[in-house]
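Undergrad: What follows is the residue order along each chain.
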Amino acid sequence: MNLFLYPNNQLEEGGRPSQLLEQQNQIVKTCPNCRREVNKDKGVCFCGYHFRISARERISLICDANSFHELFTGLKSKDPLSFPLYKEKLKSVEQISGEEEGVVCGKAKIGRQNCCIFAMEPNFLMGSMGTIVGEKITLLFEYATKNHLPIIGVTLSGGARMHEGLLSLMQMAKTSMAVKYHSDAGLLYIALLADPTTGGVTASFAMEADIIIAEPGATVGFAGKRVIEQTTRRTLPEKFQKAEFVLEHGFIDLIIERSNLRKVLTSLLRMHRGE
Amino acid sequence: MFKKILIANRGEIAVRIIRACKEMGITSVAVYTEADSKSLHVALADEKYCIGKAESKTSYLNQELIISVALLSKAEAIHPGYGFLSENADFAKLCQKNNIVFIGPNPESMKLFSNKSKLKEIITKTGIKVIPGTVVIKTIDEAEKAASAIGYPLMLKACEGGGGRGIRLIFNASMLKASFDEATREALQAFANGDLYIEKYISPARHIEFQILADENKNVVCLGERDCSIQRKNQKLIEESPSPAISETKRLEMMELITKAIKEIGYIGAGTLEFLLDSNGDFWFMEMNLRLQVEHGVTEMLTGFDIVKWQIRIASGMKLDFTQKDIKIKGCAIECRINAKSCGTTHLLNVPGGPSVRFDTFIVTGYTMTPYYDSLLGKLIVFAKTREESLRKLRASLCELVIEGVETNRGEQLQIVLDDKFSNGSYDLTFMNNR
Chain A
1 MNLFLYPNNQ LEEGGRPSQL LEQQNQIVKT CPNCRREVNK DKGVCFCGYH FRISARERIS
61 LICDANSFHE LFTGLKSKDP LSFPLYKEKL KSVEQISGEE EGVVCGKAKI GRQNCCIFAM
121 EPNFLMGSMG TIVGEKITLL FEYATKNHLP IIGVTLSGGA RMHEGLLSLM QMAKTSMAVK
181 YHSDAGLLYI ALLADPTTGG VTASFAMEAD IIIAEPGATV GFAGKRVIEQ TTRRTLPEKF
241 QKAEFVLEHG FIDLIIERSN LRKVLTSLLR MHRGE
Chain B
1 MFKKILIANR GEIAVRIIRA CKEMGITSVA VYTEADSKSL HVALADEKYC IGKAESKTSY
61 LNQELIISVA LLSKAEAIHP GYGFLSENAD FAKLCQKNNI VFIGPNPESM KLFSNKSKLK
121 EIITKTGIKV IPGTVVIKTI DEAEKAASAI GYPLMLKACE GGGGRGIRLI FNASMLKASF
181 DEATREALQA FANGDLYIEK YISPARHIEF QILADENKNV VCLGERDCSI QRKNQKLIEE
241 SPSPAISETK RLEMMELITK AIKEIGYIGA GTLEFLLDSN GDFWFMEMNL RLQVEHGVTE
301 MLTGFDIVKW QIRIASGMKL DFTQKDIKIK GCAIECRINA KSCGTTHLLN VPGGPSVRFD
361 TFIVTGYTMT PYYDSLLGKL IVFAKTREES LRKLRASLCE LVIEGVETNR GEQLQIVLDD
421 KFSNGSYDLT FMNNR
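So the protein sequences, as listed, match chains A and B.
Take 1 as the starting number for the first sequence in the working numbering and just add one per residue.
Take 1 as the starting number for the second sequence in the working numbering and just add one per residue.
Just to be clear, a hint being listed does not mean it is correct.
With the Cβ distance kept under 7 angstroms, some of the chain A side facing chain B (calculated, not the full set) [claimed, not checked]:
#1 Gln10
#2 Leu11
#3 Gly14
#4 Arg16
#5 Ser18
#6 Leu20
#7 Gln23
Hints listed in this document are in silico derivations from the structure and should not be mistaken for laboratory results.
Yeah, the Cβ is synthetic: ideal placement off N, Cα and C, and Gly gets one too.
Next comes chain A alone, as it looks inside the complex (with noise of 0.2 angstroms):
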């Protein structure tokens, strides 16, 4: 029973920090790269290895303060296949994630400059891009075109989604429609490659940006390393679909620390705003 509209009232100010919050925020997480503890909320090792983070976290991280407007509420994954266990399964990572799908999308000010901005969920069956993942995105492309505002992405999934078959795969072709669009009309798209990055994403939206910055260490490929292995039967390098392997061989531009993206992003929006 869905009959009502959100209100969308701001969060009124005042009061003191809740223990609960800041207690969670100090969880404390093995770092699977030097076996060191970090604290959670830190995001980023001290050696340098990149947590995953969840999309909101990495809204409020990029942007200004209080920025972000969220567009596009409201639409859920139908089970169009009936595919075995999937409903089930879609409302217990709604859940587990508190997000109605595995993109968050929106407006936003980075550097003061306005933008549109969306975020895959890991949470969410590891961003991967359904029906409803393909229409947010495919949405919002056409929102910044129609508003003439630059996007930025952040893509992080395993693929097409199987659940939804070759209804997954489609979503390719529509996001690459809407990012031609958006291209054509002189507007810039910076996606942002977290890990991982893979499959039809990285196939389709992901790899079309006019400026690819990847995380540290991200994953970025199409099929994964193992599957690569058996199938030609050779040892593929050690750091194989690493985000620094997949810059020396020239299919991205950056690798951008988590602290500092920020900073490049507001200067890569100020410069192709040509001041």
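Chain B: place on chain A using the hints.
TA: Just chain B, lined up with the frame of chain A:
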């Protein structure tokens, strides 16, 4: 400010709290039972979790379950509403242990103030007159001795009682003897504490309660009083503010006395001090409610201050941004409780409207009234510049209210509002018995 609050309640009060959350930009989390799945509070909340079958003992009263939902949904605070867990110090303690803010007083003062005889000792020290009575009495001999000192008739009450339960009117010594053991047993069963105390029976009297708000910085305001003398079997039916029986000077005097007392005892949050007003115009303190009251809306309509929002703000550590001087008691607000007299499904609902008419409810067309919870369907509150205008508005609004499919007390409430004794304001607690 809290980003997310869990509402550990149902019915109209859950709807009321969710509304406050929506205005404040707070995400609301509702819990509900299978019997309540079609209730308005579930539809309105941003997140909702089913916590079991209809029985409240295993759902709305299940402390561990509610804490689990709060932790799972990452709610920073829990608003208990009224009833259920709202006066449960153990629950407040459990919240504290889990770093969740309980929107209400802290567990220590809850434990202290919920014991009525202890509270009276504390209040006596502040200079407020307390109904003559005893502290806890353990044996029948003690009771008889105390009774002859106070004089009959008197009331035998349970220390942990509330909501009109655990009270007996005693006329003589033989009646006291006959009732004592029975009352102990009953109190033990209902409140898990068999302690009793004796209090003088004051009659005729009016039930007057003063609303207070206090923050952590010892700022205390009193938002005036409510006259709740229209009661049947200790259940309130109609409440109004200001009381027609109190003069302005007396009100100011009481409000000053109360704010001073609350500062002294160091209470934090919203609270209500209940008094009996005797025929000589003297106030006798009875008890204090450490939570939101059902009838809080009357004070909100009269003063314009949102008590629920202030409860949340105080709990998050904010200071009151107004003082006693900003509180104007002008005009008259009256509330009629609309109760269900039968179960059934509402197939038509018409809610009265117009200027200064408020109807707080949780029912929607198609809602099925079940026998599992209390019978309150909604609260009709009106406000106008004079009492006369308020009465007219209340009568007109009552007639406009239509709930088809469930039998309600709408007609009886209209009869009370039409009664001369009610209209001229000269009623007391005996009003309903004399009808």
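Undergrad: Against each hint, give a clear statement of whether it holds in the structure.
TA: Results for each hint:
1. Gln10: Nearest chain B Cβ about 5 angstroms off; hint holds.
2. Leu11: Given a least distance of 4 angstroms, the restraint on Leu11/A holds.
3. Gly14: holds (5 angstroms)
4. Arg16: Constraint on Arg16/A satisfied, holds at 4 angstroms.
5. Ser18: The hint holds - Ser18/A has a Cβ within 7 angstroms of chain B, the shortest such distance being about 4 angstroms.
6. Leu20: For Leu20/A, the interface hint holds, since the closest Cβ of chain B sits about 4 angstroms away, which is under 7 angstroms.
7. Gln23: At about 5 angstroms, which falls below the 7 angstroms cut-off, the nearest Cβ of chain B leaves the hint on Gln23/A intact, so it holds.
Violated hints for the displayed structure: none, as all numbered hints are satisfied.
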